[in-house]
Each structure stands twice: as structure tokens, then as C-alpha cells.
Amino acid sequence: MTSSIHQKKEQPSSEPFISLTDISKSYDGKDYVVYDLNLAINKGEFVSLLGPSGSGKTTTLMMLAGFETPSQGEVRMGGKRLDKLPPYDRDIGMVFQNYALFPHMTIAQNVGFALTVRNVDRREIKARVKQALEMVELSHVANRRPAQLSGGQQQRVALARALVFEPALVLMDEPLGALDKRLREHMQYEIMRLHRELGLTTVYVTHDQSEALTMSDRVAVFFDGRIQQIAPARELYESPHNAFVANFVGENNGLDGRVSAIDQNTASLALAGGAVIRGGISQSLSVNTHGMLFLRPEQLRIAKGDENLGNRVSGVLEDIVYCGDHHRVRVHLGENDRLVCKLTNSWEHSLPAIGSKVDLTWRIEDCKVLPPLLASAQSSVSS
Amino acid sequence: MNATVPAPAVSPTAPDTLNDAERLQAYRRVKRRESRKALLLAAPLLLFLLVTFIAPIGTLLLRSVQNPEVPQAMPDATALLQQWDESGLPDADVYAAMARELVEASKAGELGRVARRMNFYNPAMRSLLLKSARKLKRMSVEDAQLALLEVDGRWGDKEIWRVLKRAGQSPTPDYLLNAIDRHVDQDGDVASLPPEESVYMAAFSRTIWISLSVTLLCLALAYPVAWLLANLPERHSRRMMLLVIVPFWTSLLVRTTAWYVLLQPNGVINSLLTGMGMVSQPVPLIFNRTGVLIGMTHIMLPFMILAIYSVMKGISPVYLRAAQSLGAKPLGAFFRVYVPQTLAGVGAGCFLVFVLSLGYYITPALLGGAGDEMISQLISIQTNQQLNWGLAGALSAYLVIFTAIFYFIFNRLVGIDRLRFG
Numbered sequence: 001m002t003s004s005i006h007q008k009k010e011q012p013s014s015e016p017f018i019s020l021t022d023i024s025k026s027y028d029g030k031d032y033v034v035y036d037l038n039l040a041i042n043k044g045e046f047v048s049l050l051g052p053s054g055s056g057k058t059t060t061l062m063m064l065a066g067f068e069t070p071s072q073g074e075v076r077m078g079g080k081r082l083d084k085l086p087p088y089d090r091d092i093g094m095v096f097q098n099y100a101l102f103p104h105m106t107i108a109q110n111v112g113f114a115l116t117v118r119n120v121d122r123r124e125i126k127a128r129v130k131q132a133l134e135m136v137e138l139s140h141v142a143n144r145r146p147a148q149l150s151g152g153q154q155q156r157v158a159l160a161r162a163l164v165f166e167p168a169l170v171l172m173d174e175p176l177g178a179l180d181k182r183l184r185e186h187m188q189y190e191i192m193r194l195h196r197e198l199g200l201t202t203v204y205v206t207h208d209q210s211e212a213l214t215m216s217d218r219v220a221v222f223f224d225g226r227i228q229q230i231a232p233a234r235e236l237y238e239s240p241h242n243a244f245v246a247n248f249v250g251e252n253n254g255l256d257g258r259v260s261a262i263d264q265n266t267a268s269l270a271l272a273g274g275a276v277i278r279g280g281i282s283q284s285l286s287v288n289t290h291g292m293l294f295l296r297p298e299q300l301r302i303a304k305g306d307e308n309l310g311n312r313v314s315g316v317l318e319d320i321v322y323c324g325d326h327h328r329v330r331v332h333l334g335e336n337d338r339l340v341c342k343l344t345n346s347w348e349h350s351l352p353a354i355g356s357k358v359d360l361t362w363r364i365e366d367c368k369v370l371p372p373l374l375a376s377a378q379s380s381v382s383s
Numbered sequence: 001m002n003a004t005v006p007a008p009a010v011s012p013t014a015p016d017t018l019n020d021a022e023r024l025q026a027y028r029r030v031k032r033r034e035s036r037k038a039l040l041l042a043a044p045l046l047l048f049l050l051v052t053f054i055a056p057i058g059t060l061l062l063r064s065v066q067n068p069e070v071p072q073a074m075p076d077a078t079a080l081l082q083q084w085d086e087s088g089l090p091d092a093d094v095y096a097a098m099a100r101e102l103v104e105a106s107k108a109g110e111l112g113r114v115a116r117r118m119n120f121y122n123p124a125m126r127s128l129l130l131k132s133a134r135k136l137k138r139m140s141v142e143d144a145q146l147a148l149l150e151v152d153g154r155w156g157d158k159e160i161w162r163v164l165k166r167a168g169q170s171p172t173p174d175y176l177l178n179a180i181d182r183h184v185d186q187d188g189d190v191a192s193l194p195p196e197e198s199v200y201m202a203a204f205s206r207t208i209w210i211s212l213s214v215t216l217l218c219l220a221l222a223y224p225v226a227w228l229l230a231n232l233p234e235r236h237s238r239r240m241m242l243l244v245i246v247p248f249w250t251s252l253l254v255r256t257t258a259w260y261v262l263l264q265p266n267g268v269i270n271s272l273l274t275g276m277g278m279v280s281q282p283v284p285l286i287f288n289r290t291g292v293l294i295g296m297t298h299i300m301l302p303f304m305i306l307a308i309y310s311v312m313k314g315i316s317p318v319y320l321r322a323a324q325s326l327g328a329k330p331l332g333a334f335f336r337v338y339v340p341q342t343l344a345g346v347g348a349g350c351f352l353v354f355v356l357s358l359g360y361y362i363t364p365a366l367l368g369g370a371g372d373e374m375i376s377q378l379i380s381i382q383t384n385q386q387l388n389w390g391l392a393g394a395l396s397a398y399l400v401i402f403t404a405i406f407y408f409i410f411n412r413l414v415g416i417d418r419l420r421f422g
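Top line first, the protein sequences correspond to chains A and B. Following this note's numbering, the numbering of the first sequence begins with 1 at its first residue and continues without gaps. Following this note's numbering, the numbering of the second sequence begins with 1 at its first residue and continues without gaps.
One or more hints might be untrue.
Said to hold, decoys possible - Result set (BS3-like, lysine-lysine): computed pairs, CA atoms no more than 27 Å apart in a straight line:
| # | chain 1 | residue 1 | chain 2 | residue 2 |
| --- | --- | --- | --- | --- |
| 1 | A | Lys-80 | A | Lys-130 |
| 2 | A | Lys-342 | A | Lys-181 |
| 3 | B | Lys-131 | B | Lys-107 |
| 4 | A | Lys-80 | B | Lys-329 |
| 5 | B | Lys-107 | B | Lys-137 |
| 6 | A | Lys-130 | B | Lys-329 |
| 7 | B | Lys-158 | B | Lys-131 |
| 8 | B | Lys-165 | B | Lys-137 |
| 9 | B | Lys-135 | B | Lys-165 |
| 10 | A | Lys-126 | B | Lys-329 |
| 11 | A | Lys-181 | A | Lys-126 |
| 12 | A | Lys-84 | B | Lys-329 |
Because the hints were derived from the structure by calculation, they are not lab data. Quantities reported herein were computed from a predicted structural model and do not represent experimental measurements.
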């Protein structure tokens, strides 16, 4: 797998804090939910598992938590085998999707639950609960029931409850999914603050890419039970490893073509309409195979006069959509090839009319030629 | 601009035209109209309930304090007796009125009712009244006191007159006292009846005890089943639910008679047990407490299962996971996190089963023995055989009051109000 090669580069020389090695999970022995997964997480790191539903990210999290057992492979934390331990002995704090606060207990009892079952002295429980609630700025609701709290407050209580026993690892399963956009952004900063201040090791599952990109040290993109790429946000966005990652993270123009020439770091891609485009390569490609061009819409611009930034194609302007701070312009290049172009709204752009001929130009290093992914990946990506 | 649009009654553009009082009035008018409509829709049902349910029950409960038989048949004697101070024998005019009205009541055919009423106070009264009336009819009475004493010496007994005086009082506490094995003695104090006449307190406590046992048995059996129903995959749980529901749909009488057959000394269960050599003699399973408990538990079980299931269905399994991730072992997580959340269902189930058991009749009547009579059987005997509707009403009143108190307590504890089925 490319991902395992990739992550070995990043690992420090010492043993990682958490390692999932050659993990596979199947319920029926035929179809794998997670296949041949390798993931290493360092102490204090914030790693997001990002992917569409059914990609295996939640199953991976559940295997870490102990609610699912891997069919193959082993999970280690701090050098200790984890996959043989029941969930209650793993010392892992977990924040659930809908918080799972116990409705029959007060907030203080909820937060103190982990300490109560560990038979911690009552006075100490009280002190630590108070401290945990102060940490999430909710001391005043200690005696209320979960149902009396707003969604954001419940979320913070769930955080306090998962952190109060100072677990070695914190797992979060789409914890912000039920909140509205504004609150979600606020909570993202809250979680980042806690992560930083407490030096937590965090694994965070989400299907929201902007959440993953803003919060994480590294993001693991899941698809089809495999990690497609694991990298820091910027690397993920700017140099996706394959078609799936390029399409899933951020918006992308994908054009099908045939690789017509390769020289060192660039490849030439011949489109069906006849145009030839040059772009960077990061994986091995061979001439005359199928290739895909990936190009972010914001890298494109409408060429003025003879302007050529490295690639230049011409087409017919099909569509203009006003989006507040920018216009989305779609240009038909011929056959099935279309490019979407994001034009910032400013005085310097005068938009051509629909149906007029336009030339688009962009730099060679801003686009990539990638090998296409499996057929199944392609179909679900395009939808 | 407003000219084209008809202004609504409370229009934001015309805040000055209506003051707050008028607005409130308009609001109330609409509310009243709505509640009238709702009442109209519910009226047929309310009427039906009133005629078939509330009125009969109310009448029966009223019977427990009414005492009309004696005053109606012998108005003068009753009225005069009320003025008697119980120090000596009553005055001559009381005797005279009694003698006259005994004959009149007998001729009018009302003496039978009076005799039956008096019989509830004292079994000797019936024969005394009937015999006296019969004999008085045949003689010419000059001095009523002498005549009565001649007919039967007991007319000189103060106690007879005291009972007659009590029987003339309406409303009376006597039925209500009788229903808890008490009466008003010669000194006017409330006292316990002699042990051989005390049946109702024992029956009440037996009823409560049986209901409690059935409730606990049902709870113990239903809780795991409800858990399975709520946690099995849909396909299996639906099939299992059918097993719960089908007996529920079957007639109560059919199920009870089925147990009647099964539990016989040479019935299926005993043949099986002896056949397997587990017991040498048939185990007595019927006409005793065992039979009652088996039959009632079986019949009440669906109520308990459904009540608990309806609550369990709404409890996400994620709570158990959360508890485990926080370090609770599976059993601890179950008792600390799962069970407390099911308490509303447990409470509702217990309440249903307990209250239904309190009024149970057919099953204990068929499967129970002499020592297993529940209070509703005694009420039925008083209503249908003894025709003592006053006492039946009094016993029912206690049952209703007890149920109401029990409901109140349970509602406070577990909040049955909050529960919804389905």
C-alpha cells in the first residue's frame, strides 16, 4: 500500500505510541470493511479519519475502542497489545456521535462516572469533576440533567466526561455532527484548545473534510476499507496521491486522458478533444496508459491575449453561477471534458458572456496527472 | 394599500385599534370555540361511559353508605326509634308503630327485604321479624308491647332495638365498617368482629399478597424477554413478539381453562413429571395458591413485557458502550446505566399487573382453592348470591380507593404519566 510507505517516512525513529498493524475486519469472511490497514499515531498527535460513510473509518475507531475485534492484525498502544483487552480496560476516552450522556444522571454524575466505577475517593471525584467542568466552562450546570442542556453544552459535557479520567487516548466519533454550522466551528476551536493544553493524543472520525483539515495534525483519508493517503492537511490538499483523495478533499476538475509523454517530474496528457496538457506527477505512470488530470478550480484563470502560464486550452463558456465572493464558470472543452473555474469577484474581471469562446490557462505545477483509481472508487466519487 | 387587503382582526399594522383586553377576549373566544368542538367530538364516548360505566359504578359505591330498606318499609317505627336514647326499652308508641308496620310491610310484601337487610346485622333478626309479622297478623293487638313480647320474648331485648335503630340510619357507616371486619358495638364504639366472622381483612391482605407475588414473578420473567425483544435483530424480534402477542389476543377464559386442564393431578404436567420419574406422586398444582400464581402470571405476562419493551426500545445501545469506554464492566454498566433507564417501563408494567391482579376474578376462581379467594370473588358473592349490595359496594369502594392511592404513589415514584405505549 502506498499509505504505509508514505507513513514510514514520517515516523520518528522510536516506536509510535499507537500502531495498527495489518488490520483487516470482515463480518462474513468475504467482504472486508477494513482491509490491510496500517496506521501509526504518535503521542500528542491529532489524527483525523476522513472518508465517506461505509469507508471503514468508524470500524477502525471501534477497533481502537474495543467494540469491534480485528479479524487480522494487531493493535498496540504504548507497546502493549490492545486488541486482547476489553473496552473497559483500555484506558481510552471516547466521545460518541450523539454524546450518549446518561439521561438519568446529573451532569456531575455523568462526568464523574468513570471515577465512580474506578472507586475513586468521593472527595477526589468531586474535585476532579469540578475541574473537568471548569475546563469546558460548564460549572454552573453540574446539577442539571442532560435533557436540560443545549446540544453544544451536551457536547462539552461529553468531552469533560471522556477526559476526566485522563485517558491515554481520546477517540471522537463525529462528535460535532449534530450541531449547527456556527456552533460546530466554535466547538472545533474548543477541541483544538483542549488538545493543545492537555497534550492529548486524539483520533477523530469525521466525514466533514473542512473539519478534518482545520483540526488535525494529520488526516487519514479512508475509502473502500483502505487508507488512501495519510498526510498533513496541506499536503493532502496540494498533492493528493490518487484520484480519490484529489476528488474527496476539496473541489477538483478531473479530466480523463491518455498519458502521451513523461519527462522527469511532468507528464503530458492527451485529452479526447485533442488538447494536450502537462502536469506534475507524484506516482509512477507509464506512457500510453490511462491518466487523469487533477486541477483545483481556483488555479484556473481566463487567459488575456497571449497569456500562457504553461497550459492553455480553449472552450466555450457554458455556465456562470454567482456565489457571493466568486463566480463559478464552466467551460466546455469538447467531448465530455469540462473545466470549472473559480473567479474571484473583483474589478479586474469582466466576465465573458455565456456561449462565447474563452481560453483558460494555468501553471504546470498546479495540476497533476494521476493514475485513475479502481472503478468502484471512480463511480462513487463522481456522484 | 390596506384597502385591497382585508385587515385581519389582530393586524400588526393596526395596533391601536384593539387594546389588550379586547385582544385577550378574542383569544379566549377562539379557545372556547375550540374546546367546544373537542367536547362535541368526545361527547358520544363520554355519554357511553357515563351510562355504562360511571353511573353503575357510582351507584354501587353509593350503595355502600345507603340504608333505605328499613326506613322505607317502616317509616314511623324508624323515625320514633331515632329519638330513643338506648337507656331502657323503647316507649310504648315505638312498640305500637313497630307492631303496626310489621303487619303493613308484610301485607305490602316488603318485609322480605327488611328481613334480609336485618339478617346482615344479626342472623337471628330474619326469623324474628318474619315470625312476629306472621303471628301478629292473626291476633288482634290492643297493647302492642305485650303482644310483641308474647309473640317473641326477644322483643324485650334492648340489643334487638339498638340494631333496628342502626338499620334506620342512612347514610350509614355500617357497610364500610363491615367490609373491614368492624362493627359498632353496644357501647357505640367501633370494635372488631369476632374472628369467625372476620373474612374481609384477610381477603384484602391475601389479594394484595397474591397481586404482589404475581407482579414480582411477571417482572422476573418479563425483563429478560423484553431485553431480548428490544435487542435482537428485527427479523427475530418480530417473530418473538408474535409469541408474546398471540396469547395476549386469546380469550382469558380459554387460557384459564387451558391451565385448568394442564395442571390437573393427572394432567399433562403431572404425567410428564411422574413419567420422567422426577416425582412419585402427582404434585398438587391446581386448587391451591400455586395454580393461582401460575395462571395469573401467565395471563399478566404480556402486559409486563410490552410495558418494559416499549421503554427499552427507546434506549440506545450506545449508552452501554459509553459506560464501558468509561471503565465500567459489562454487568456494572448494565445495572448502573441500563436498568435505571428502564425503570419507567418497569414501574408501568408493575402498576398495570398489580392493579389488574387486584381485581382478578376468573382465574383464581377456577384455579384456586378455598384459601385463595380474592376480594373480587367475595364482592361477586355479595352481589350475586347474598344480594348484599351495600357490602359489595363497600368492598369495591376500598378496592377503588386502594388502587387510587397505589397509582398516586407509583406515579410519584416512576412517573407513569410520562410513559407511552407503542
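Here is what the structure says about each hint:
1. A:Lys-80 with A:Lys-130: violated, 32 Å
2. A:Lys-342 with A:Lys-181: Roughly 24 Å separates the two Cα atoms, so the pair holds.
3. B:Lys-131 with B:Lys-107: The given pair, whose Cα atoms are some 14 Å apart, holds under the 27 Å limit.
4. A:Lys-80 with B:Lys-329: holds, 21 Å
5. B:Lys-107 with B:Lys-137: With Cα atoms ~9 Å apart, Lys-107 (chain B) and Lys-137 (chain B) stay inside 27 Å; holds.
6. A:Lys-130 with B:Lys-329: holds, 25 Å
7. B:Lys-158 with B:Lys-131: holds, 19 Å
8. B:Lys-165 with B:Lys-137: holds, 23 Å
9. B:Lys-135 with B:Lys-165: Holds, at about 23 Å.
10. A:Lys-126 with B:Lys-329: holds, 22 Å
11. A:Lys-181 with A:Lys-126: Answer violated: Lys-181 (chain A) to Lys-126 (chain A) is near 34 Å, above 27 Å.
12. A:Lys-84 with B:Lys-329: holds, 15 Å
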